[in-house]
Amino acid sequence: MEERSLGQRLHIDFPLLLGILVLCVIGLVVIYSAGGQDINLVYRQAVKLLIALVGMFVVAQLPPAEIARWSYKLYLVGIILLIVVIFYGDVGKGAQRWLDLKVFRFQPSELMKLSVPMMVAYYLSDKTLPPRFLRVLSVCAMIAIPVLLIAKQPDLGTALLVAAAGFSVLFIAGISWRLLSSMGILAAAGAPLLWYFMHDYQKRRVLTFLNPENDPLGAGYHTIQAKIAIGSGGFYGKGWLNGTQSHLEFLPERSTDFIFAVFCEEFGMLGVLLLICVYLFIISRGLYIAINAQHTFGRLLASGLTLTFFVYIFVNMGMVTGQLPVVGVPLPLVSHGGTSMVTLMIGFGIIMAIHTHRRFLSF
Amino acid sequence: MAKEFNLKNQDHESSLVARRVYFSAVIILLLIIMIISRVFYLTVLQHEHYTTLSLSNRVKITPIPPIRGLIYSRDGVILAENKPTFSLEIIPEQIKDVDETIAQLKKIITIEDSDIERFKKARKKKRRFENVSLRLNLNKEEVALFAVNRHRFPGVDVVAGLNRYYPLAEKLVHAIGYVARIDEDDVKNLDESNYSGTTHIGKLGIEKSYESFLHGDVGFQQVEVNAQGRVIRVLDRTAPKPGKNLHLTIDLSLQQIAIDALEGRRGAIVAMDPRNGDVLTFVSSPGYDPNKFVNGIDSKSYKALLSSTDKPLINRVIQGKYPPGSTLKPFMGLVGLENGVRAFSDETWCPGWFSLKGYEHRYRDWKKQGHGHTNLHKAIMQSCDVYFYSLAYELGIDRIYDGLSQFGFGQVTGIDIGGESSALLPSKSWKRGAIGQAWFPGETLILGIGQGYALSTPMQLAKATATLANKGQVIRPRLVSSTSNSITNEVNSLPSITGHKVGISNGSYWDEIISSMKDVVHGVGGTAWRTGLNAEYNFAGKTGTAQVIGIAQDKEYNKEDIAEKFQDHALFIAFAPVEAPRIAIAIIVENGGGGSKTAAPIARKMFDHYMKNRDLISKG
Numbered sequence: 001m002e003e004r005s006l007g008q009r010l011h012i013d014f015p016l017l018l019g020i021l022v023l024c025v026i027g028l029v030v031i032y033s034a035g036g037q038d039i040n041l042v043y044r045q046a047v048k049l050l051i052a053l054v055g056m057f058v059v060a061q062l063p064p065a066e067i068a069r070w071s072y073k074l075y076l077v078g079i080i081l082l083i084v085v086i087f088y089g090d091v092g093k094g095a096q097r098w099l100d101l102k103v104f105r106f107q108p109s110e111l112m113k114l115s116v117p118m119m120v121a122y123y124l125s126d127k128t129l130p131p132r133f134l135r136v137l138s139v140c141a142m143i144a145i146p147v148l149l150i151a152k153q154p155d156l157g158t159a160l161l162v163a164a165a166g167f168s169v170l171f172i173a174g175i176s177w178r179l180l181s182s183m184g185i186l187a188a189a190g191a192p193l194l195w196y197f198m199h200d201y202q203k204r205r206v207l208t209f210l211n212p213e214n215d216p217l218g219a220g221y222h223t224i225q226a227k228i229a230i231g232s233g234g235f236y237g238k239g240w241l242n243g244t245q246s247h248l249e250f251l252p253e254r255s256t257d258f259i260f261a262v263f264c265e266e267f268g269m270l271g272v273l274l275l276i277c278v279y280l281f282i283i284s285r286g287l288y289i290a291i292n293a294q295h296t297f298g299r300l301l302a303s304g305l306t307l308t309f310f311v312y313i314f315v316n317m318g319m320v321t322g323q324l325p326v327v328g329v330p331l332p333l334v335s336h337g338g339t340s341m342v343t344l345m346i347g348f349g350i351i352m353a354i355h356t357h358r359r360f361l362s363f
Numbered sequence: 001m002a003k004e005f006n007l008k009n010q011d012h013e014s015s016l017v018a019r020r021v022y023f024s025a026v027i028i029l030l031l032i033i034m035i036i037s038r039v040f041y042l043t044v045l046q047h048e049h050y051t052t053l054s055l056s057n058r059v060k061i062t063p064i065p066p067i068r069g070l071i072y073s074r075d076g077v078i079l080a081e082n083k084p085t086f087s088l089e090i091i092p093e094q095i096k097d098v099d100e101t102i103a104q105l106k107k108i109i110t111i112e113d114s115d116i117e118r119f120k121k122a123r124k125k126k127r128r129f130e131n132v133s134l135r136l137n138l139n140k141e142e143v144a145l146f147a148v149n150r151h152r153f154p155g156v157d158v159v160a161g162l163n164r165y166y167p168l169a170e171k172l173v174h175a176i177g178y179v180a181r182i183d184e185d186d187v188k189n190l191d192e193s194n195y196s197g198t199t200h201i202g203k204l205g206i207e208k209s210y211e212s213f214l215h216g217d218v219g220f221q222q223v224e225v226n227a228q229g230r231v232i233r234v235l236d237r238t239a240p241k242p243g244k245n246l247h248l249t250i251d252l253s254l255q256q257i258a259i260d261a262l263e264g265r266r267g268a269i270v271a272m273d274p275r276n277g278d279v280l281t282f283v284s285s286p287g288y289d290p291n292k293f294v295n296g297i298d299s300k301s302y303k304a305l306l307s308s309t310d311k312p313l314i315n316r317v318i319q320g321k322y323p324p325g326s327t328l329k330p331f332m333g334l335v336g337l338e339n340g341v342r343a344f345s346d347e348t349w350c351p352g353w354f355s356l357k358g359y360e361h362r363y364r365d366w367k368k369q370g371h372g373h374t375n376l377h378k379a380i381m382q383s384c385d386v387y388f389y390s391l392a393y394e395l396g397i398d399r400i401y402d403g404l405s406q407f408g409f410g411q412v413t414g415i416d417i418g419g420e421s422s423a424l425l426p427s428k429s430w431k432r433g434a435i436g437q438a439w440f441p442g443e444t445l446i447l448g449i450g451q452g453y454a455l456s457t458p459m460q461l462a463k464a465t466a467t468l469a470n471k472g473q474v475i476r477p478r479l480v481s482s483t484s485n486s487i488t489n490e491v492n493s494l495p496s497i498t499g500h501k502v503g504i505s506n507g508s509y510w511d512e513i514i515s516s517m518k519d520v521v522h523g524v525g526g527t528a529w530r531t532g533l534n535a536e537y538n539f540a541g542k543t544g545t546a547q548v549i550g551i552a553q554d555k556e557y558n559k560e561d562i563a564e565k566f567q568d569h570a571l572f573i574a575f576a577p578v579e580a581p582r583i584a585i586a587i588i589v590e591n592g593g594g595g596s597k598t599a600a601p602i603a604r605k606m607f608d609h610y611m612k613n614r615d616l617i618s619k620g
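In order, the protein sequences belong to chains A and B. Using this note's numbering, read the first sequence as starting at 1 and increasing by one per residue. Using this note's numbering, read the second sequence as starting at 1 and increasing by one per residue.
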C-alpha cells in the first residue's frame with residue numbers, strides 16, 4: 001500500500017487524462033472556428049469542461065464496490081425520472097427530454113447512459129459467466145425498459161446509445177454467439193415494427209439517409225453540406241478558420257453534432273487520422289484497464305463504457321460522412337454541449353476509479 | 001462473498017472477458033478503417049467534385065450594369081441624361097414591425113397606397129436582407145426630412161440610383177424616343193449576359209436604334225455569399241464599360257424656333273443639311289413626355305395619350321402620311337423636262353379647268369379664272385394646276401412613277417431611327433395589287449398635283465427637297481453625327497451616307513426649276529411672295545395645300561371641330577440659300593389652311609435664325 005504511485009493516490013489515470021485533455025483542446029479549437037470565432041462560446045465550453053473534469057475526479061475517488069452498490073438505486077431513480085419526464089418534462093425541439101430543476105435542467109436519459117451499463121454489470125458480476133439464457137433475458141428487459149422510455153420522448157440517438165451501453169456489457173460478459181445471432185435476427189425481423197412506431201421526422205431521416213439528393217434543401221441538406229465540407233477539405237484541409245462551408249453557414253449544427261465536418265474541412269484527411277489516433281489511444285487505454293480490472297464488475301463496466309464511447313464516435317462520424325442516418329449524437333469530447341460532456345467524464349471517472357482502486361496483496 | 005470456487009472462476013471469467021475485449025478491439029479497428037476509407041473517398045478521391053460544389057455554394061457572380069451613354073444636341077445641350085434619384089428603401093430583416101414603420105414614415109413622407117402595394121409585391125420576391133424600395137423619386141425636401149429623422153428608422157434608408165431623364169420632355173421625343181423597363185419581348189432578342197444587370201432598354205427612336213452604342217458592356221463582380229445569400233465580400237471585379245455618348249445633328253435653337261412657330265398646332269417640321277444629311281430640326285407636334293414611360297406609365301395616362309384626337313404618339317415626321325399636294329410640282333416639272341414632254345418655255349393654256357378629250361369632267365384649277373398662258377416657271381411660281389394636269393397626262397403614270405421614285409417618294413428615307421413609313425407613290429402595278437383595278441387616266445392627272453393616292457411623309461419631302469437643292473445628289477438623313485467615349489472623350493464621327501444621283505441629262509433643268517422655286521418667294525406673283533419679303537438671302541420654296549383625305553386619325557370627331565378637321569393641310573418645302581444650299585425644310589401644318597399662309601412663314605423664321613446663327617448673314 002505504501003508503494004502506490006501518485007496517480008493511484010490521486011485516483012487519476014494519467015494516460016487516459018492526457019488523451020481526454022488532448023481531445024478537449026482539439027474541441028475548443030474547432031468550436032472557436034465553427035462558432036464564428038466567438039471566444040465567448042469557447043469560454044462557456046471551457047467552463048462546462050472544468051465542471052465535467054471535477055465530476056470525473058470526484059467519481060474517480062469512489063471505490064468500485066461503492067459504485068456497484070449505487071448501481072441499482074441509480075437505475076431505479078433513472079427509470080422513475082424517465083416516467084416523470086413523460087408527464088412533467090419540458091419540451092425542447094419537439095421532444096420531451098428535460099426536467100426543469102430550477103437550478104439547472106437535467107436530462108434523465110443522460111443518466112441512463114451510465115446507470116444502464118452499471119446495472120447490467122452489477123447484475124452479471126455475481127453470476128457465473130457466460131450468462132445463461134434466462135439471465136440474458138432479464139438483462140434484455142433491464143435494457144429495454146429505459147430504452148423504450150427514451151425512444152418515446154422521442155430521442156432515438158440517446159436510446160441507441162443507452163442500448164449500446166447495455167449490450168456492450170452483455171457482449172463482454174460472454175453472451176453465447178448463438179444467443180447473440182438469434183437476437184440479431186430478432187432485431188432484424190422487428191425493424192419493420194420499429195418503422196411503424198417511428199415518428200415522421202425519424203422516418204424522413206432514414207429515407208433521407210438512403211438518398212440525400214432526394215431533398216437537397218430539406219432533410220438531405222445536412223448530409224449534402226457535410227459531405228461538401230469534408231470533400232472540399234481535401235487531404236490537408238483548408239486550414240484552421242478557413243472553412244467556407246462552416247464560416248458561411250452552409251453547414252448546420254456546425255459546433256455541435258456536425259463539428260466533425262468542420263474539423264474535416266479545416267484539417268483534412270490528415271487531421272482525421274490524427275484525431276482517430278487520439279480516440280484509439282483512449283479506447284485502447286480503456287480496454288487495457290478493463291482487462292486488468294480485478295473484479296468482474298470492473299471488467300464489465302470499464303469495457304462497456306469504453307465500447308459505448310466508441311459507439312459515440314462511430315455513430316457520429318458515420319452520420320456526418322453520410323454512412324449512417326442522421327441521429328443526434330455528438331462527437332464525444334469535441335462537440336459543443338455540456339450534458340454529454342459531463343456524462344462522458346463521469347464515465348471516465350468510473351473507469352479511473354476501477355483502475356486506481358486496485359489492491360495489490362503482498363503475500 | 002469470497003467463496004473458494006470463485007477464485008478459479010475469476011480466472012476463467014477474466015480470460016472470457018479478455019477474449020471478448022480483443023474481439024471488440026478487432027471490430028473497432030474494422031469500423032474505424034471503414035470511417036477512414038470513407039473520409040479518404042470524400043477528401044481525396046472526390047475532392048475536386050466537392051471543391052466545385054463548395055465553390056458554387058459560396059461564390060456568386062453578380063453583374064454590374066454599365067452606365068448608359070448620354071445624348072447631346074449639336075449645340076452641346078444634354079438631351080438624355082442619367083439623373084441621380086433617391087428612393088426610400090427598407091430592409092425587412094432589420095425591422096421588427098414593418099407595417100408600424102411604414103405608418104411612422106407616412107407621417108414625414110407621402111406614401112401612397114399604391115406604393116405600399118408595390119412594396120408588398122416586391123418584398124415577396126426578395127430575400128429578407130435585401131433592399132425593397134417603398135417610395136421612388138424622393139425630392140430633395142423629402143430626402144432632407146428623412147435624414148433628420150433617420151435615427152428613428154433603423155433598417156430604412158435613402159438609396160441613390162440612376163434614372164434616365166429627358167430634360168426636353170416632349171420637345172424632341174419623337175427623335176430621341178425613350179428607354180423603359182425590359183419586357184419579355186425584349187428579352188427574346190438581346191444578349192442576356194450583357195444585359196444581366198440592366199433594367200432598361202431603348203424602346204423607341206434613337207434610344208432604340210443606337211441601343212448597342214448607348215448600352216455599353218456589363219461588368220461583373222465575384223462575391224462570396226453565405227448560406228442565406230448575403231454578400232460577405234467581393235472577390236474579384238471587372239468594371240463595366242460605359243455606353244458611348246451620342247452627338248445629334250439636331251440644332252436645338254432651330255428646333256425651338258420651329259416649335260414656337262408652329263404654335264402648338266398639329267404638324268411636322270423637318271430641316272436637314274443637304275450637304276451631309278444632318279437633320280437639324282425634327283418636330284412632330286404634339287409630343288408627349290417620355291419621362292413618364294421610363295419607369296412605366298400608369299394606364300390612365302397611357303389611355304389618355306392613345307385616345308387623344310391629336311395623336312401625340314404618332315411620329316408625324318416619319319409616320320405621318322400626307323398628300324404632298326403642290327409641293328410635288330417642282331419634281332413633276334423636272335420629270336417632264338427630263339422626259340422631253342415639255343421645254344421650260346413651252347406654254348400651256350390655263351382657262352381654270354382641264355378635261356380629258358371625250359370626257360365631260362372638268363378638273364379644276366385652284367384659280368377659277370385660270371392662269372392664262374403658262375410656262376413651267378409660271379406654273380411653279382403660281383402653282384398652276386392645269387399645267388401639271390396636262391403635263392402629267394402627257395407623261396403617263398409609268399414615267400411619273402419612275403421619275404418621282406428617283407427622289408425617294410414611296411420609299412423609306414433610311415433615317416437612323418426605326419418605324420419609318422414608306423408612304424405611297426402609286427403605280428399601275430401597285431393599284432392592281434392593292435385595289436385590284438386598272439389605272440385610270442384621271443388618276444394620273446390628280447397625281448400631277450400631288451393628290452389622289454400619293455402620300456408622303458414629311459421626312460420624304462425634306463429628303464426630296466435636299467436632293468433638289470443638291471441638284472440630284474441623294475443623301476440619307478441622319479440624326480446622329482458622332483459618338484464619343486465618356487472616359488477618353490475620344491470622338492468617333494459617323495460618315496454621312498450619300499445615295500445615287502438623280503438621272504437628269506441637262507444640268508440647266510435644275511437651275512430652271514430652282515429659279516422658279518426662288519420666284520415662289522421672291523418673284524412678283526409668287527404664291528409665297530410675302531414670305532420672301534426683305535430676306536437678306538435668297539431661298540427657294542414651294543407651297544402646297546393638301547385636301548384632307550389621308551391620315552386616318554380623326555374618325556371620331558364632334559360637330560364643333562368638323563370645320564377645323566376638314567380644313568386643308570398646309571405644306572411648304574424650301575431650301576436656303578439658293579446659291580449654296582445649307583438647309584432644306586419640309587413643313588406640314590395639319591388643317592392649317594393654305595401653305596403660303598400657314599406653313600411658309602414658319603420656314604422664313606427658321607431660315608432667318610439659321611442664317612444668322614451660322615454667320616451666313618450679318619447678325620442684327
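These aren't lab readings, by the way, just hints derived from the structure by calculation. Ideal Cβ positions, reconstructed from N, Cα and C, are used throughout, including at glycine. A couple of the hints might just be wrong.
Residues of chain B clear of chain A, computed beta-carbon distances all greater than 10 Å [to be verified]:
| # | residue |
| --- | --- |
| 1 | His-12 |
| 2 | Ala-25 |
| 3 | Thr-43 |
| 4 | Ile-109 |
| 5 | Arg-128 |
| 6 | Gly-197 |
| 7 | Ser-355 |
| 8 | Val-491 |
| 9 | Ser-496 |
| 10 | Gly-499 |
| 11 | Trp-510 |
| 12 | Gly-523 |
| 13 | Lys-605 |
| 14 | Asp-615 |
Just the calculated beta-carbon pair ranges, DEER-fashion [to be verified]:
| # | chain 1 | residue 1 | chain 2 | residue 2 | range |
| --- | --- | --- | --- | --- | --- |
| 15 | B | Ala-147 | A | Leu-274 | 51 to 59 Å |
| 16 | B | Leu-306 | A | Leu-207 | 29 to 37 Å |
| 17 | A | Arg-178 | B | His-12 | 47 to 55 Å |
| 18 | B | Val-148 | A | Glu-249 | 32 to 40 Å |
Structure-based check of all given hints:
1. Not every C-beta of chain A lies more than 10 Å from that of B/His-12, the closest at about 8 Å, which undercuts listing it as non-interface.
2. Listed as outside the interface, B/Ala-25 is inconsistent with that label: its C-beta sits roughly 6 Å from the nearest C-beta of chain A, within the 10 Å cut-off.
3. The beta carbon of B/Thr-43 is not kept farther than 10 Å from every beta carbon of chain A, the shortest such distance being approximately 4 Å.
4. Every C-beta of chain A lies more than 10 Å from that of B/Ile-109, the closest at about 36 Å, which supports listing it as non-interface.
5. No Cβ of chain A approaches the Cβ of B/Arg-128 within 10 Å, the least distance being about 14 Å, so the stated non-interface status holds.
6. With 10 Å as the threshold on Cβ separation, the claim that B/Gly-197 sits away from chain A holds: the shortest Cβ distance comes to roughly 23 Å.
7. With a cut of 10 Å on Cβ distances, B/Ser-355 stays outside the contact zone with chain A, its closest approach being about 88 Å.
8. The Cβ of B/Val-491 sits about 48 Å from the closest Cβ of chain A, beyond the 10 Å cut-off, so the non-interface label holds.
9. Annotated as non-interface, B/Ser-496 keeps its C-beta farther than 10 Å from every C-beta of chain A; the closest such distance is 57 Å.
10. Every CB of chain A lies more than 10 Å from the CB of B/Gly-499, the least distance being 63 Å, so the non-interface label holds.
11. Separation of B/Trp-510 from chain A is adequate, the least Cβ-Cβ distance of about 78 Å exceeding the 10 Å criterion.
12. Against the 10 Å criterion, B/Gly-523 stays outside the reach of chain A, whose nearest CB is about 86 Å from its own CB.
13. Every CB of chain A is more than 10 Å from the CB of B/Lys-605 (nearest about 69 Å), matching its label as outside the interface.
14. Residue placement check: B/Asp-615 keeps its beta carbon more than 10 Å from all beta carbons of chain A (closest about 68 Å).
15. For B/Ala-147 and A/Leu-274, the hinted distance range of 51 to 59 Å is satisfied, since their beta carbons lie about 57 Å from each other.
16. Between B/Leu-306 and A/Leu-207 the beta carbon distance is about 58 Å. The supplied range of 29 to 37 Å is therefore violated.
17. For A/Arg-178 paired with B/His-12, a C-beta distance near 20 Å fails the hint of 47 to 55 Å.
18. For B/Val-148 and A/Glu-249, the hinted distance range of 32 to 40 Å is satisfied, since their beta carbons lie about 37 Å from each other.
Checked against the numbered hints listed earlier, the structure breaks hints 1, 2, 3, 16, 17; every other hint is satisfied.
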